[in-house]
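Asks: Sequence:
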Amino acid sequence: MGLTVKEREEVIPGIVDNRIRATIESAITAAFQQGDVLSAIIPVITSAVKDAVTVAVQAELSKLQDQLHLQRKQLQDLTKQATDLQNAYTTLQGKFNDLEQYSRRNCIVMSGMPETPGERGTDEAVLEVTKKINCDPPLSIHEIDRSHRLGKKREDGKPRPVIVKFVSYRSKAIVMKSKSTADSRATLRKEGIYINENLTTQNRKLLYEARQLVKNKRINQAWVYDGKIFVKPIHDERQLISKMSDLDAFRTPDK
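Using numbering that gives the first Met the number 0, read the sequence shown as starting at 0 and increasing by one per residue.
Treat the hints as calculated values from the structure; they're not laboratory data. Bear in mind that the values here come from a model prediction, so they are computed numbers and not experimental data. It cannot be assumed that every hint is accurate.
To be verified - Derived PhoX-like pairs (lysine-lysine); straight-line CA-CA distance at most 25 Å:
no., residue 1, residue 2
1, Lys-130, Lys-157
2, Lys-79, Lys-242
3, Lys-242, Lys-204
4, Lys-216, Lys-231
5, Lys-164, Lys-227
6, Lys-176, Lys-131
7, Lys-204, Lys-94
8, Lys-152, Lys-176
9, Lys-94, Lys-189
10, Lys-94, Lys-79
Produce the complete structure using the sequences and hints provided.
Replies: Spelled out as structure tokens, the structure:
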């Protein structure tokens with residue numbers, strides 16, 4: 000029995016395609032068994048693969064470089080923001096310290112004043128010290144706003160410092176000026192009494208570091224005037240010091 004028209008249309012093309020595919024596969028197999036064909040094909044394949052890999056790698060590297068550039072820019076922005084914030088904090092900290100020091104402008108601290116058992120106040124004792132240093136004009140009890148010992152009683156029996164707040168800055172200035180004369184310094188040294196500005200914690204640390212530089216012969220002098228720290232460099236005029244970094248220039252041996 001012969002094939003129908005429909006069968007011939009469906010079956011014959013399939014048979015032809017299979018024969019063609021088999022013929023091509025047989026020809027390719029035979030060709031690869033010949034050395035000259037392999038020698039010609041391998042460089043072409045190698046070059047094509049190399050080019051494809053190079054393009055892919057370059058594209059990936061370009062993408063990574065773009066990402067790295069973006070990250071560097073972001074890091075620079077964050078670093079600048081951090082620096083700006085640090086500078087702003089330092090500025091605010093300085094202003095706060097200045098305000099706190101200004102609030103103490105009428106105050107002094109007297110150390111070494113004898114402390115008696117059952118002591119019921121320190122105003123009279125403070126007034127006695129002002130008399131010993133010959134304050135001019137003399138101060139009265141009415142010029143003392145208040146005074147008191149600092150901290151708890153010491154177990155070693157040493158007297159606690161006394162903080163004194165005067166009614167006016169003028170009265171405080173009289174004491175600070177009077178205690179600086181040669182006679183007053185001798186009297187206070189003999190009595191073991193010290194009169195100092197009531198410095199903030201930051202300024203006390205600053206003064207300590209400045210005096211360490213004097214001790215190490217990096218600067219000539221360090222002193223306090225009206226709550227401000229000054230230093231006298233070895234080869235320069237006096238300078239106002241307001242923060243620790245101001246002392247960095249004097250820490251190196253060549254200063």
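Asks: Between Lys-130 and Lys-157, is the straight-line Cα distance small enough, at 25 Å or below?
Replies: Answer holds: Lys-130 to Lys-157 is near 23 Å, not above 25 Å.
Asks: Does Lys-216 pair with Lys-231 here, judged by a C-alpha cut-off of 25 Å?
Replies: Holds: Lys-216 and Lys-231 sit about 11 Å apart, inside 25 Å.
Asks: Between the alpha carbons of Lys-176 and Lys-131, is the straight-line distance 25 Å or under?
Replies: Cα-Cα ~13 Å, so holds.
Asks: Assess, step by step, whether the Cα of Lys-79 is no farther than 25 Å from the Cα of Lys-242, and give holds or violated.
Replies: Holds, at about 22 Å.
Asks: Below or equal to 25 Å on CA atoms is what counts here, so check Lys-242 against Lys-204.
Replies: holds (10 Å)
Asks: Do the alpha carbons of Lys-164 and Lys-227 lie within 25 Å of each other, as the hint requires?
Replies: holds (18 Å)
Asks: Can the restraint linking Lys-152 and Lys-176 be considered satisfied, given a maximum Cα separation of 25 Å?
Replies: Roughly 30 Å separates the two Cα atoms, so the pair is violated.
Asks: Is the straight-line distance between the alpha-carbon of Lys-94 and that of Lys-79 25 Å or less?
Replies: holds (22 Å)
Asks: Lys-204 and Lys-94: Cα distance at most 25 Å?
Replies: holds (17 Å)
Asks: Given the hint that Lys-94 pairs with Lys-189, test it: the Cα-Cα distance must not exceed 25 Å.
Replies: violated (39 Å)
Hints 8 and 9 from the earlier list are contradicted by this structure; the remaining hints agree with it.
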